[in-house]
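Below, each chain spelled out in residue letters.
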Amino acid sequence: MNAELALAGVLGVSAAQALLVLALSRPPGLRDVVHVLCTGLVAVFASYLVYAVAQGETARIVLAQPLPNVELAFAIEPLGTLAAAVLAGLGFLHAVHTSGMVRATGQKAPARLMAFSALTTAAAMAVMFSANLFSFFVAYQALALAAFPLVAHVGDDEARNSARTFLAVLLGASIALLLPAMIWTYTLAGALEFQTGGVLAGRVDQLSANILLALFVLGIAGAAAPPMHRWLTVSFTAPYPSLVLVQGLAVLPAAGIGLLKVFAYVFGSALITAAPATQILLAVCGVTMCTAALIALSKTDMRERLAYSLWAQSLAAIVGGLLAAPAGLFAAALQIVATSCAATTLLMAVGTTAAVTGRHNTLDYPGLGRVMPWTFAGFAIACASLIGMPPFSGAWAKLWLITASASTGVIWAAGLVGAAAVLTFAHLGPLAANAFAGRAPTDAFKRPDGASILLVAPVILAAAGTLGLLVLADPLASFLSPVWTPR
Amino acid sequence: MSLYLDLARAHAPAVILGMLLVGAALALVTPNGRASWTLALAAAIAAVAMAADLSWRFLTSGAALAPDALLTVDGVSAFAAPLIAALAAFVIMAEGAALRERVARTQPYAVALHLAGAASWIGALFAQDLVGLVVGVNVGWLALTGLVATAPERGALNGALRMLTAGGAAAAFMLAGIGLITYAAGGGAVNAAASAMISSPQMATLGFVLLLAPLMLMAGAAPLHAWMGAAYGRSDATLALTMGALASLAVIARLAAVAATAPAVAEGVSVVLVSVGIASVLIGSVQAIGAVNVRRLIAYAGAAQAGCVLVAIALESPAGLAAALVQVFAWGAGAFALFAGIAASRDAALTALDGLGRRAPFAGVAITVGALSFMGAPLTIGFLGRWRLIEAGVGAGWWWATGAAIVTSLAAVFYGGRLIERIYFRRATEAAAFDLDVWRWARVPVLAAAIAAIACGLAPSLLLDLATRASMLALGLGA
Numbered sequence: 412m413n414a415e416l417a418l419a420g421v422l423g424v425s426a427a428q429a430l431l432v433l434a435l436s437r438p439p440g441l442r443d444v445v446h447v448l449c450t451g452l453v454a455v456f457a458s459y460l461v462y463a464v465a466q467g468e469t470a471r472i473v474l475a476q477p478l479p480n481v482e483l484a485f486a487i488e489p490l491g492t493l494a495a496a497v498l499a500g501l502g503f504l505h506a507v508h509t510s511g512m513v514r515a516t517g518q519k520a521p522a523r524l525m526a527f528s529a530l531t532t533a534a535a536m537a538v539m540f541s542a543n544l545f546s547f548f549v550a551y552q553a554l555a556l557a558a559f560p561l562v563a564h565v566g567d568d569e570a571r572n573s574a575r576t577f578l579a580v581l582l583g584a585s586i587a588l589l590l591p592a593m594i595w596t597y598t599l600a601g602a603l604e605f606q607t608g609g610v611l612a613g614r615v616d617q618l619s620a621n622i623l624l625a626l627f628v629l630g631i632a633g634a635a636a637p638p639m640h641r642w643l644t645v646s647f648t649a650p651y652p653s654l655v656l657v658q659g660l661a662v663l664p665a666a667g668i669g670l671l672k673v674f675a676y677v678f679g680s681a682l683i684t685a686a687p688a689t690q691i692l693l694a695v696c697g698v699t700m701c702t703a704a705l706i707a708l709s710k711t712d713m714r715e716r717l718a719y720s721l722w723a724q725s726l727a728a729i730v731g732g733l734l735a736a737p738a739g740l741f742a743a744a745l746q747i748v749a750t751s752c753a754a755t756t757l758l759m760a761v762g763t764t765a766a767v768t769g770r771h772n773t774l775d776y777p778g779l780g781r782v783m784p785w786t787f788a789g790f791a792i793a794c795a796s797l798i799g800m801p802p803f804s805g806a807w808a809k810l811w812l813i814t815a816s817a818s819t820g821v822i823w824a825a826g827l828v829g830a831a832a833v834l835t836f837a838h839l840g841p842l843a844a845n846a847f848a849g850r851a852p853t854d855a856f857k858r859p860d861g862a863s864i865l866l867v868a869p870v871i872l873a874a875a876g877t878l879g880l881l882v883l884a885d886p887l888a889s890f891l892s893p894v895w896t897p898r
Numbered sequence: 086m087s088l089y090l091d092l093a094r095a096h097a098p099a100v101i102l103g104m105l106l107v108g109a110a111l112a113l114v115t116p117n118g119r120a121s122w123t124l125a126l127a128a129a130i131a132a133v134a135m136a137a138d139l140s141w142r143f144l145t146s147g148a149a150l151a152p153d154a155l156l157t158v159d160g161v162s163a164f165a166a167p168l169i170a171a172l173a174a175f176v177i178m179a180e181g182a183a184l185r186e187r188v189a190r191t192q193p194y195a196v197a198l199h200l201a202g203a204a205s206w207i208g209a210l211f212a213q214d215l216v217g218l219v220v221g222v223n224v225g226w227l228a229l230t231g232l233v234a235t236a237p238e239r240g241a242l243n244g245a246l247r248m249l250t251a252g253g254a255a256a257a258f259m260l261a262g263i264g265l266i267t268y269a270a271g272g273g274a275v276n277a278a279a280s281a282m283i284s285s286p287q288m289a290t291l292g293f294v295l296l297l298a299p300l301m302l303m304a305g306a307a308p309l310h311a312w313m314g315a316a317y318g319r320s321d322a323t324l325a326l327t328m329g330a331l332a333s334l335a336v337i338a339r340l341a342a343v344a345a346t347a348p349a350v351a352e353g354v355s356v357v358l359v360s361v362g363i364a365s366v367l368i369g370s371v372q373a374i375g376a377v378n379v380r381r382l383i384a385y386a387g388a389a390q391a392g393c394v395l396v397a398i399a400l401e402s403p404a405g406l407a408a409a410l411v412q413v414f415a416w417g418a419g420a421f422a423l424f425a426g427i428a429a430s431r432d433a434a435l436t437a438l439d440g441l442g443r444r445a446p447f448a449g450v451a452i453t454v455g456a457l458s459f460m461g462a463p464l465t466i467g468f469l470g471r472w473r474l475i476e477a478g479v480g481a482g483w484w485w486a487t488g489a490a491i492v493t494s495l496a497a498v499f500y501g502g503r504l505i506e507r508i509y510f511r512r513a514t515e516a517a518a519f520d521l522d523v524w525r526w527a528r529v530p531v532l533a534a535a536i537a538a539i540a541c542g543l544a545p546s547l548l549l550d551l552a553t554r555a556s557m558l559a560l561g562l563g564a
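Protein chains in written order, with the numbering used here: chain A, 412 to 898; chain B, 86 to 564.
Honestly, the hints are just simulated from the structure, not real lab data.
The structure presented is a predicted model; accordingly, all values stated were derived computationally and were not measured.
Do not take every clue at face value.
[Unchecked claim] So, partial list: chain A residues that the calculated Cβ filter (under 10 angstroms) puts toward chain B:
1. Q476
2. P477
3. R571
4. R575
5. L590
6. P591
7. W595
8. Y597
9. P737
10. L810
11. T814
Quick reminder that beta carbons are idealized off the backbone N, C-alpha and C, glycines included.
If we strip away everything but chain B, and leave its shape as in the complex, we get:
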């Protein structure tokens, strides 16, 4: 037994992918929707356990994989993989209620798509070469597109069509990027740019940009987020889309860490990341303030958060990368608390939140915690992310990075304040009904996310330590 366990640990990334994909296949062939969902949830939980074990061993003791392992692991992937797997498990748990609303025929497909999507994004994080990375990212995107397409809401197909179009263009750009990097660095391995003599720095830089831009699109960074309004606003796949956005940012962090170790391309990549990051902070914040659909509001707020993450990644320093990872975690916890909290209300209009604090106290608390975390309120994980970003920016002499964090927080005070005001200081309208069934299933993930947002804000030493080790390993500096 121990031998098999050691073997599984030596090939942990492949085992994680295997668990998720086998779970997806079983869910697909199981005719009963509820049974299919149970299988998928079990597979996701097993994958979380395996990913957490890999992450802990790699980040704390530098445990290596087998030399013949199909996939690889670095600091960013070790930090992000358990997070993505956990989010996938939460998504599937929360989707238990949505299954009832989908057309019976599509129920197993939806569950399988969730697992396949998570497997693809995690595969992209563990990929050894650029082709594997791009394949993982695009399959993951297609899975998300499928989820949006099968959502029961009217107008979801519009969102799916936009995602499909954006994904097609993204795939083309990414393939062109791989070609340029392979040509300039003489190889297609993910870390080739760091180790090889780059014959044509401009071409390699362009290659990285062509790889990163589609990923920024998938992360929902403005102004590349044209698909976002329709996909988030008109489907119930918001939690899965958030998982995809977080995974995209993790892949960006992985690629940027590689670029940072290659002086020939580092500066160009940094400029692109900063430019999009700042634009995303500004545009996302303005759009979130003006949004009247609560799902879109959270999505645009996510664009602003993504902007902060991109600015932190652009620092290309251990402190910056660690700040980015902490912010990814903070965004995940905050967004989950918000999205799962609003699931208690059937309507996506802001007015549907009126009086939610009385009708669903836990949902009200979860949304409040999520909003406070987005604001960067002290003692939430969001504050820690902002602090780390500002500290890293000041350390690198990027004083203006403070502005990005402050703009994001100030905007969050406005839109977060609106959410809190509606929940606690307005009376419910007759139309704003409380969906007990949905909330019953969403309760566990939403409370877990809210608790994580507070607990990690109060005692963040473990998270900070892991993020620092991950960033050092990703930049080749050792833990």
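Here chain A stands alone, though its shape is the one from the complex:
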């Protein structure tokens, strides 16, 4: 296998998977096997790409040239490849969990759900591997369109309204803000290629850099910078398998990585000239991060609480990127990866709980850890990681974030990150603790046979992944160093 074949595999298998799942929707067992095997294949290809990048290999696939000097192209580079490998690995676990969920909940149109999950994954992978701003724009719009049916899957008025808001915010922001930013960049630099050091470096004046930065940060609404976060907080009505994809595996992390690519490869050193926009955005994102964590405390629907909690986590990644320093970029990348691991674990655990006990409300959680120990062990580990408790992976991200803030002289940003961690503890910590400390409910199981292995195993394995990242901080820093230091 070579890197180009693996890259084609990562992008193509998920797209083919969508068709296969629809074509082989009966019997359900065959459908589920195809779904799981294809996501496993994507994970294998993505893992190989990590190896290839570590070996210094390059790979580039050009699909079309829609504009002069602008190609629809995909290439491997450390940032996208790392995120793609982690998300593809989690995607495999999520596929297994989805197979269990559609059976446990009697989900309607499961083949459609799996097909659009595969398309969403394909679009997210395309975002990660986009070689230039145009390809990123195409993949990002495809991501919004592919995820839209996942949010609308339930089909009632509430789901339809949520899906409309989801699509309107993501597509609207990308057309109104990201598209002009892209064309402006093209006008200034004559190219849209992602390159280490930044395509705009030395080509942009201060005013343009400030405006462009604001357009990019707000235009990539998937990263949920305020006020473009509405899509995230309304999407909680989606079924659990969709929620995991939208918030944990595809839209939120892919947009976050896309924004980091813009910071690193479009602005590069020009990010320093974008003050005061960087400072203003830092302040807005930092304060909103604390506010989101505070709002989460007031939500009793578990899905809604997690939506606000993950919003706060994604804002922490933006804060890292805006610090305009290698340490900040690394902290942001680590934050996105760690959050994805924890969010996927948490959402799958909550999904398993809902499928088995029918409980969505935080007030019903005390004592459930005693009857579902494995699921809630994963739940507790993921909560600890999101909070930033040592030694879980989220702690490293927060530590780097605080260090980067202090080293760039933005002490108040470090304070905001710390405050957000305390507030996250307030809305997640007691939940995890009470799940084990509370008295076990006597009527816990809606399903008398309890949770199947398909629902529990992915939670445990994803939680193990959250722990595994703990020992990878240094290798990851070395792996990502070409992002800000050309080889």
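Fit chain B to the known structure of chain A by using the hints.
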């Protein structure tokens, strides 16, 4: 044989018109509706081949017509004529199903009117003088009016009456415009304004405005589109009306290119085009968002698209004119995919689209592609048109032109999203029946349009190259 072919090529515009008009006459005298339709389709396809040959030779190698040719050719007409002829062929192909629904007596008239309309619009594009241009435009408009009038739907006559009234006023304005330009420039040739010493710039500018305003009305640019709701919403001649709108824009581009080479009138013409263009973008977008009749929705969306084309033309630069031509092409492909796609549903109400994706998957895909192209989604031809407009606007320092493109795209996200949601995320109501017969005939053009919308978005180099050459030639800058 070769001699005759060379002779035909040397007089290609006249031959194209001849093919279409003879086809119309034969269709008219043929008593059987289906035979009449077959003849008309053959004539349209022959005209497409001839127009494509002329366009290719003129734009790539600058081939000239015979010195004594009755008609002339320039960059815009060379680019637009094959497009109009192809749309006419598609319209006639798709109308095969509608023939069954018309009163038997009117069947040959309908087919003949389609061909005569196409011939008139193409004649206006190739006209040597302003009188010929105005005659072509007005005959083309009358043909469209006739088509709307003979449509089987109740209320179609109301639309036809509005079109007739608007056309009458338009003809009067255009004749007054010709008079003013002839007086100010000392001649009635189309390019007289560019070559002559204009004695009275204000009068010449007014003349151009009086010529352009009726054309903008015919293109459906808001706020001059009062006829549009009734004509589109209450007749099945939507594809033919779209062809007329595209041809009107091409004629506007031709006249604007002439005006651009005459500094005395260029600025005034540009201001008028920009004003109507921006108004059309805003009004058309708002109306499309609020529409509940799907034909009207697409028509109002077309008004917004026309606004973008007018803004691009108003730039009066090679990049702007090329952007306008690309957008005309994009609009044609998108509108055809949409209109022919909705032909699968007998009802024009939005609710009739519910669940169409299951009942008619290809129609659902075509409408989706058309809607995405109108949104300016990447990898569709619509995106390329928007990109070119913004690029040309930024190049000329018209940053606000970006706003026009963005407003159009944002509005398209709303109304296009509604169409897609209904097709794929709603269940069909009992009343929303699928008309297999109509769809059988509409399938070829709708798929061709959808494929064109995607293929040209993926590999647009040929289209971009031809549009650039056409704009350079139209502005007298050479290819």
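So, going through the hints one by one against the coordinates:
1. The criterion of a C-beta within 10 angstroms of any C-beta in chain B is met by A/Q476, whose closest approach is roughly 7 angstroms, and the hint holds.
2. Proximity of A/P477 to chain B holds as hinted, the smallest CB-CB distance being about 6 angstroms (cut-off 10 angstroms).
3. With a least beta-carbon distance of about 7 angstroms to chain B, the hint placing A/R571 at the interface is held under the 10 angstroms criterion.
4. With its C-beta approaching chain B no nearer than about 7 angstroms, A/R575 sits inside the 10 angstroms limit, and its interface hint holds.
5. Hint on A/L590 holds. Least Cβ distance to chain B is approximately 7 angstroms, under the 10 angstroms limit.
6. Interface restraint check: A/P591 against chain B, minimum CB-CB distance 5 angstroms, threshold 10 angstroms, status holds.
7. Hint on A/W595 holds. Least Cβ distance to chain B is approximately 8 angstroms, under the 10 angstroms limit.
8. Annotation: A/Y597 was flagged as interfacial toward chain B, and the flag holds, the nearest CB pair being 8 angstroms apart, inside 10 angstroms.
9. The beta carbon of A/P737 comes no nearer than 32 angstroms to any beta carbon in chain B, farther than 10 angstroms, and the hint placing it at the interface is violated.
10. With 10 angstroms as the threshold, the beta carbon of A/L810 stays out of range of chain B, its nearest partner Cβ sitting at about 39 angstroms, so the hint is violated.
11. Because the smallest distance between the Cβ of A/T814 and any Cβ of chain B comes to about 39 angstroms, over 10 angstroms, the interface hint for this residue is violated.
Violated hints, listed in ascending order, are 9, 10 and 11; each of the other numbered hints is respected by the structure.
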